[in-house]
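Undergrad: Listed here are the chains, written in short residue letters.
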Amino acid sequence: MEDLLIGLAAPITRGILLGGLYVVIALGLSLVFGVMKLINVGHGDLVILGSYFAWAIMGWLGIDPFLSLVVGVPLFFGLGFFVQKFIINRTFRISLDAALIACFGISIIVQSLCQIIWTPFNRSLTTAYQLETFALGPVNISLRYLLNFIGGLAVMIALREFLRRTYLGRAISAASQNEPVAERMGINPNRVYSYAFAIAMACAAVAGVLQGLTFYFSPASGPPFLIISFGVIILGGLGSMAGTFIGGMIFGLTQTLGAYLSGGSLMVQMLAPYLLVFVILAVRPQGIFGR
Amino acid sequence: MPETAVLSVDRVTKNFGGIHAIQNITFEVQAGEVLGLMGPNGAGKTTLLNIIAGTYSPSSGRVNFCGRDITGLPAHKLCHLGIARTYQIPQPFTSLSARQNILVAAKYGGKKTAGMEHDKIFDLVNLSEQKDMLTRDLATVSLKRLELARALASNPTLILLDEIAAGSSDRELPRILGIIEEIRKMGKTVVLVEHVMKVMVEAVDRIIVIDKGEKIAEGTPGEVMKDEKVLAAYFG
Amino acid sequence: MKIPRLTTLASVVVLVVLALFPLIGAPLSWLNYLFSFFIYLALATMWNLLAGYTGLICLCPHAFVGLAAYTMAIGTWVGMPFQVGLIAGAAVAAIFALVISFPVFRMKGIYFAIGTLVLPEVLKQWFNYWRPPFGTEYQGGGAGYSVIGLAGFSLGNKYWLALAIAAASIFVVHIILRARLGLGLTAIRDNENTAASSGVNIFRLKLSSFLIAAFIMGIAGAAYFIHNPKIQPSGGFSISWLLLPLMATVIGGEGREEGPIIGAAIVTFLRFLLADYGAWSLFIQGIILIVVVVAMPQGIAGLLRQVGAYRFPQRLFQAAEGKIRRT
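Residue numbers (our numbering), protein chains in the order written: chain L, 1 to 291; chain U, 1 to 236; chain Y, 1 to 327.
Quick caveat, the hints were computed from the structure, so don't treat them as lab data. All figures in this text were calculated on a predicted structure; none of them were measured in a lab. Quick reminder that beta carbons are idealized off the backbone N, C-alpha and C, glycines included. Mixed in with the good hints there might be a few duds.
Stated by the list, open to error - Reference listing, derived: stretches of chain Y covered by chain U, where coverage requires no fewer than 3 residues with Cβ under 8 Å from a Cβ of chain U: (1) 171-184; (2) 189-199.
Stated by the list, open to error - Just the calculated beta-carbon pair ranges, DEER-fashion: (3) U:Leu-134 <-> L:Phe-86: 31 to 39 Å; (4) Y:Ile-175 <-> U:Ser-57: 35 to 43 Å; (5) U:Thr-13 <-> L:Phe-86: 50 to 58 Å; (6) U:Asp-132 <-> Y:Thr-7: 15 to 23 Å; (7) Y:Ile-175 <-> U:Phe-16: 39 to 47 Å; (8) Y:Ser-234 <-> L:Ala-56: 20 to 28 Å; (9) Y:Ala-179 <-> U:Thr-140: 30 to 38 Å.
Said to hold, decoys possible - If we take Cβ atoms under 10 Å as the criterion, some of the chain Y residues that face chain U in the derived model are: (10) Ile-202; (11) Phe-203; (12) Arg-204.
Chain L with its partners taken away, still in its complex shape (with noise of 0.2 Å):
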């Protein structure tokens, strides 16, 4: 018994600081969700786009994906704002089915753009410091899993806060509950979008860099990204940090008990989160903190 505990602790760990990951994915996700009420259906891509971009930053100026993220960000910012200043807003002229048609298309256009570039080969961010583990108790800890969470919680904070204290983030809160009584209040909603999604798509930089360290990717490894993110923030509930923080680290455990219970299965380390993802959906589909 005690072994199995012991046997436990690992993937236990692995997990909850893999979840890290999934909540720094899924608040870019959660946050055009409640404000436009929209599932960019592109955000794995533009997560894995993010990875591809810091690869090739590191591979051109050698300098560590981290520090990548001081042009990244930026750069994922703008262009955010750009796709949903003229392309995601016009379509919400027409319906929601259309912008959901014109976020099928960025990721298509972001796959095939990064398969062109870079090749349909696996790729992954190397650095000194991506092997390192150490010790927790029993228990060996790797750094990059490690890095996961910190992100994870530092993006949420910062979100948390942006959202609390300045006033752009108080208009994106304001939008997201109640748009009728935010545009009264003088809050243009487009403006209010294009930074939403620029914000989400300046997630997606920083979670392309903690994906990047942690696994393989190709330009098709986008879509179970979106599917886990989604997952993530109804498991979660909608509008709630707390819950898709707790939601992240399911996803995360799911992974990483379904490997080591299935002896290191890939497949079912694969196919345990869209099980959940599934089964959420058909049953609780407002997740733990949803009413």
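Go by the hints and put chains U and Y onto chain L.
TA: For chains U and Y alone, kept in the frame of chain L given last:
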């Protein structure tokens, strides 16, 4: 031996999360009756109607229709059994014409004995000229009449009318009263929610008054209008 | 004797002419091109049935295609003739649709969309890792599963197969729209609550639509892999199978019968045009998708209707019909 009531609502309660919309309501409707549901705004009248129509299930309690327990049955099943309803805000099939709208109810409303001919239905509700127009080109007044036409098209035994007279002019009101009378003559049973007093007084056999989710009075229009609790509910 | 409507007559004529192509020596490149067009048309018509008429934006056509194709391939390894494999594949796709309909139809709107998106991803991963315990010689390592037993099935035969599938798909939608089912589906699309209170069994009708679409998409996809008989998870479950009918419907126009035909024609043309450009092909298609959905959301069919382009041929048709009836 007493006839089975067409509709029997037995201690029905409905809660939405923390909100107690309907509390322990019980009443019966006999065949051929026109029953009115009255009450201040937010009293729970439409919720009650929705429960009878199958849109919601009650949190507790039972609903019986012609002796059969219909609690929790889905809306389409209830339509097949003989319950039809109108919506307070018209909900037509926007890409279809008026005629096609009622055709849906006629074709899917269940295998009952043949109902009214569609043209006669349109005559009854005074929509004959708009029969073949698309619903998106119809005025709200016409759409409300279309609601009624669609409800009749499935040849129901019980018709639930949700504020069918709301917003109608002084000229239209007698027409609506006439339609309700025609429906009664067909042998159908009617339960209607209404704020327009003239309907309550002239077209209705009995009234049930609901306030804050509870039944506070039941009786003929004359009795109910003098009831102290009713006056208190409306005028405080 | 009833004189058939002019449009029906015209359609039959077109069908016969197309069927004659292999016999009158049309160039092989034409047959190839039209083969793809017919497959794409079947997919587009079915997607339009789901999205345009039933209101179901289902993001899982590639689940049906891949599943049917793999079933057919594996079936041929155990000695099933590929013709039977086609039907078996389509049947498996339909059974899959039936099984998932119970959880999936409880999801609404965007939840439904993502729920259906998960399915092909799951299947793709499954076929990445799982191998059937037999037929190893056909499993092809990285090159993909082979469909065997195709010797003697000429391009002309494949052409006819595809033509039959496309014609069947259009015919099926045509019949549905004129039957009670079509009325019910439109009612569901316009207002589910009103449809339910008018006696429409929403689940059963959506399921009918879903099963029909799954079957025909399955058979069309499997037929495609008869012509390209190596199946890999990334090909069988490629997102292309979703992009294709989606583009055809967006470009051609949703919810109208001729929309998928126009759209499929354009998409086939585009694909052949971009065929040599590898990943650029998808890139350009993505851009076109966005441009069209922003600039021309009603699609070409919708556009034509708006500018009254149909009125002239319609009047022409009606006049001609009138003349024929009088003589």
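Undergrad: With reference to the structure, classify each hint as holding or not holding.
TA: Evaluation of the provided hints:
no. : hint                                : in the structure
1   : 171-184                             : holds (count 3)
2   : 189-199                             : holds (count 10)
3   : U:Leu-134 <-> L:Phe-86: 31 to 39 Å  : 35 Å, holds
4   : Y:Ile-175 <-> U:Ser-57: 35 to 43 Å  : 37 Å, holds
5   : U:Thr-13 <-> L:Phe-86: 50 to 58 Å   : 53 Å, holds
6   : U:Asp-132 <-> Y:Thr-7: 15 to 23 Å   : 22 Å, holds
7   : Y:Ile-175 <-> U:Phe-16: 39 to 47 Å  : 43 Å, holds
8   : Y:Ser-234 <-> L:Ala-56: 20 to 28 Å  : 24 Å, holds
9   : Y:Ala-179 <-> U:Thr-140: 30 to 38 Å : 32 Å, holds
10  : Ile-202                             : 7 Å, holds
11  : Phe-203                             : 9 Å, holds
12  : Arg-204                             : 9 Å, holds
Checked against the numbered hints listed earlier, the structure breaks none of them; every hint is satisfied.
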